Amino acid sequence: MTLEAMTVSPRDAEKYEEKEFGFWLYLMSDAVIFALLFATYLVMVGNTAGGPTGKELFSLERAAAETLVLLLSSTTFGFAAVALSAGDRSKVLMWLAITVLLGACFIFLEIGEFCGMIQEGAGPERSGFLSAFFTLVGTHGLHVSVGLLWICVMIGQVFFKGLTAPVASRLMRLGLFWHFLDIIWVVIFSVVYLPGVL
Amino acid sequence: MDLFGRLTIESLPFYSAIAASGAAVTVLGALAVVGAITYFGAWRMVLTEWVSSVDHKKIGIMYIMLALVMLVRGFVDAAMMRSQQAIAYNSEGYLPPGHFDQIFSSHGTIMIFFMAMPFLAGLANLIVPQQIGSRDVAFPFMNSISLWLTTAGAGLMLLSLVVGKFSTAGWTAYPPYSGVQFTPGVGVDYWLWMVFIAGFGSTMTGINFLVTIIKCRAPGMTMFRLPLFTWTIFVTSLLMIFAFPALTVACATLILDRNFDFHFFTNAMGGNMMNYINLFWLWGHPEVYILILPAFGVFSEVVAVFSQKRLFGYVSLVCATVAIGLLSFTVWLHHFFTMGSSARVNSFFGTMTTIISVPTGVKVFDWLLTMYRGRIIFKPPMLFTIGFLVTFVIGGLSGVLLALPPVDYMMHNTTFLVAHFHNMIIPGVLFGYLAGYMFWFPKAFGFKLNERWGTYAFWCWIIGFYVAFMPLYVLGLLGMPRRMEHYEIAAWQPHLIVAWVGAFIILLGMACLAVQLIVSIRERNEALDLTGDPWNGRSLEWATSSPAAPYNFAVLPQVEGRDAWWDMKARGVAYQRPDKYEDIIMPKNTYVGAVIGGAGFVFGFAMIWWMWWLAALALLVIFVAVVIRASDDDSDYVMPASEVKKIEDARFAELAKAPRNEMADDPGYAGDPVPEAT
Amino acid sequence: MDASSGIPIERTARPYLIGIVLALILTAIPFWLVYDGALPRETLLMVIATFAVVQIFVHLRFFLHIDFSTTPRENLIALAFAAVLICIMVGGSLWIMFDLYHRMMV
Chain A
1 MTLEAMTVSP RDAEKYEEKE FGFWLYLMSD AVIFALLFAT YLVMVGNTAG
51 GPTGKELFSL ERAAAETLVL LLSSTTFGFA AVALSAGDRS KVLMWLAITV
101 LLGACFIFLE IGEFCGMIQE GAGPERSGFL SAFFTLVGTH GLHVSVGLLW
151 ICVMIGQVFF KGLTAPVASR LMRLGLFWHF LDIIWVVIFS VVYLPGVL
Chain B
1 MDLFGRLTIE SLPFYSAIAA SGAAVTVLGA LAVVGAITYF GAWRMVLTEW
51 VSSVDHKKIG IMYIMLALVM LVRGFVDAAM MRSQQAIAYN SEGYLPPGHF
101 DQIFSSHGTI MIFFMAMPFL AGLANLIVPQ QIGSRDVAFP FMNSISLWLT
151 TAGAGLMLLS LVVGKFSTAG WTAYPPYSGV QFTPGVGVDY WLWMVFIAGF
201 GSTMTGINFL VTIIKCRAPG MTMFRLPLFT WTIFVTSLLM IFAFPALTVA
251 CATLILDRNF DFHFFTNAMG GNMMNYINLF WLWGHPEVYI LILPAFGVFS
301 EVVAVFSQKR LFGYVSLVCA TVAIGLLSFT VWLHHFFTMG SSARVNSFFG
351 TMTTIISVPT GVKVFDWLLT MYRGRIIFKP PMLFTIGFLV TFVIGGLSGV
401 LLALPPVDYM MHNTTFLVAH FHNMIIPGVL FGYLAGYMFW FPKAFGFKLN
451 ERWGTYAFWC WIIGFYVAFM PLYVLGLLGM PRRMEHYEIA AWQPHLIVAW
501 VGAFIILLGM ACLAVQLIVS IRERNEALDL TGDPWNGRSL EWATSSPAAP
551 YNFAVLPQVE GRDAWWDMKA RGVAYQRPDK YEDIIMPKNT YVGAVIGGAG
601 FVFGFAMIWW MWWLAALALL VIFVAVVIRA SDDDSDYVMP ASEVKKIEDA
651 RFAELAKAPR NEMADDPGYA GDPVPEAT
Chain C
1 MDASSGIPIE RTARPYLIGI VLALILTAIP FWLVYDGALP RETLLMVIAT
51 FAVVQIFVHL RFFLHIDFST TPRENLIALA FAAVLICIMV GGSLWIMFDL
101 YHRMMV
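Protein chains in written order, with our numbering: chain A, 1 to 198; chain B, 1 to 678; chain C, 1 to 106.
Treat each hint with caution, since some may be false.
Stated by the list, open to error - In silico BS3-like links for lysine-lysine, alpha-carbon gap of 30 angstroms or less: (1) K215/B / K580/B; (2) K580/B / K646/B; (3) K161/A / K588/B; (4) K161/A / K215/B.
What the hints assert, rightly or not - Quick look at which bits of chain A chain B covers, simulated, 3 or more residues with Cβ under 8 angstroms: (5) 83-92; (6) 103-111.
If you're looking for bench data, these hints aren't it; they were derived computationally from the structure.
Please read all numbers here as calculations on a predicted model, not as lab measurements.
Ideal Cβ positions, reconstructed from N, Cα and C, are used throughout, including at glycine.
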């Protein structure tokens, strides 16, 4: 059944709008968390305590690859939303699964980057700069991981419950979350990686 | 791997008689509660009707119960500090320094996070949905999570008295002192995790009430018809959503520093401790307004009802509230004027600080002009309001003094500052919440609180306040630093003894509050509120029965103007019986909120004591609980029209028996002796 | 926002395709400029910042579907309010911290 053909009681429709707005407020609150982590990073970016700097540690290629998979995952999630509106369950499942794969790629790349740095002796305990870097980028990574778990739960719900109105409403909020994380990532590569390698 | 992390048998407080008795009181208190519930055979009732409740009114009552318990605990801390300082001239007093430091740290933490925050959340829960003519908050289940996370934080606070020692770093936990290098042990970790966990609860409360006020208003209830209390909760929610992230970041980074060897705030390795102070006050200053705005809302309601007059300058009060909300994000540096900023930075924040006193001044005049030519009835809530007006202005003036950086250099870290903020927070926050407690108590329980004991409580509190805190202004000018465990200057002691007497008078005030509650419950049949409108009220919460039905309104009210209930009474459409009732959809009770709160408590405890396996287990429980709840599409039930009719019939039968409202003894009195200015 | 169901309906993938193309372009240019390293540092930082701001708007428009006609007013107000507060908080923090830095460390 397509979204348009779905019968939703006015009360439920109101509830979904309330939830979307509430979730939007949560995202704004989360945006402030990231904003303050960015401010902290900028305050500490010069505090390398004699340790390695961004120029020595960051890899432009890896950052570009991370950006690419994350942007693609946002698009594939969008395709899932379109399939949802059309009421095509198997396509929703397919696009969600692809999104999970891309997101997992991102996490894999990021974990690789973190492990590499820690092995070089450039872990968060090395300097204030690295503490701020790991916290900022790690917080984003944590959000992506939670997002991945959430997508997996939603795949389960779509599979077992079908495209019901509550499931559709949850998928829409999940979409907000997923696209929001992309915006944070845009700021991360513009504030951390690109100026870092200069 | 060690099963119990760093928890050992030495963590129990057998090292000091005072600490052990504190622990004993806490444990016995908990046992007494458990025993009482068992004795009255009330476990089933407590669990099915309260712990699992998603009813905003019950959640509100539970918040306020928590707040009152924590008020007692915070007051005991205050009394201990006053006693120590009264005797500690040239002597050690009775408290060793480390213990004294724990006490001032826990006093501040408790009063801000676990007294004031739950109190305001409780009043908001109890009243806001009814004031806007709604059947519930937007997210009843999330409301339950907020309550239990706040309770989890408070539970950690109480537990810190029994297992391990609490922080000695003050309620602000400034590094580098709060760093692991200077303060190893679990104290600061207790502080961090309880604040972190309770902070999540507060953020969710903020989201919940903002959505409720924007989306769930009754037909005709436009934003500029909202009662002032709802307006203040609206702005407070906004501040909670946008200010608490700063506290989250400050706590999270300090946790990383302390437990995982990060270097955000350490002395060496590129840390920058000033950033903690910056982040903390980015939250801390809006927090002051998070606490005080709802009290302003209570005063606005109380002053209109007990002056029997429409609130003067409604629009200016709303604008002032919003302006304070915005400006509260632009003054945070005034908490650390002396910490090295240039004159340019200091003068900017000093100027902003004096500007923010303007909207507050507007409010004071609005309240005074509401009383002007009103027919004032001196019931306890009104007494607290008048006491607030007089006292708060004094505190405000000392605040404007402190807003000047050069003056602040003289006063910083002295008891002058302590006197100033208690002068804001006791009348501005606590009096407001106590006024709200006495004003809305009949709405929650169906009978009024004893007025005689309420009046006694008021006089003890206000006299005690002046006696306890005016000497601190003098002491500050004499140069006494805050948080002193003992001192060698003879001139200070007389003032400190007077302050101790003040604390004793406040103790009498606390006792009066307790007696008031006991007497009121015992004599409740003489103070029953059968109409639901005991004070001849103005806003919609007085349209429901006392206590309100689970759905608040059987038929959603149609709002035609400000002071909606007053207006309905004036038009003769109040207490109308509808022709027929409809089915009402209600949220089902659920234990998931309490499970998440409990797991949050365990998680905090495990992280404090480095029991990583237990922390992981608690997180897993939270995850599973969330997934189960998120997969439940059947969280509502339908209350059939017949049951609604039964409840409403009982209500109308009560109404028929009700005596005339004692506060509406003059039927020709319209309540507007002077033309409305706005 | 569809008024009847409370769940937004997305008929076509068009916005996502436009979004991904614009996002890739807006990402590729600063990455390439940094890789190339021909521009002076100050100019590069300005370019990076400008592209980031533009890309945020692209994401808001094409992925989060924010616009002035269909997005509920309160969502827009919340977004604007958050933007203002983020500017105050980040701007204020940097001002305070770098002022301290110049007075204490240099």
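The hints, checked one at a time:
For the hint pairing K215/B with K580/B, the CA-to-CA distance comes to about 26 angstroms; that is within 30 angstroms, so the pair holds. The suggested pairing of K580/B with K646/B holds, with an alpha-carbon distance near 12 angstroms, which does not exceed 30 angstroms. A distance of roughly 21 angstroms separates the Cα atoms of K161/A and K588/B; the hinted pair therefore holds under the 30 angstroms criterion. As the CA atoms of K161/A and K215/B are separated by approximately 29 angstroms, the hinted pair is consistent with the 30 angstroms bound.
Restraint check on the segment 83-92 of chain A versus chain B: 0 residues with Cβ-Cβ distances below 8 angstroms, three needed, restraint violated. With 0 residues having a beta carbon nearer than 8 angstroms to a beta carbon of chain B, the segment 103-111 of chain A misses the requirement of three or more and the stated coverage is violated.
The structure shown violates the earlier hints numbered 5, 6.
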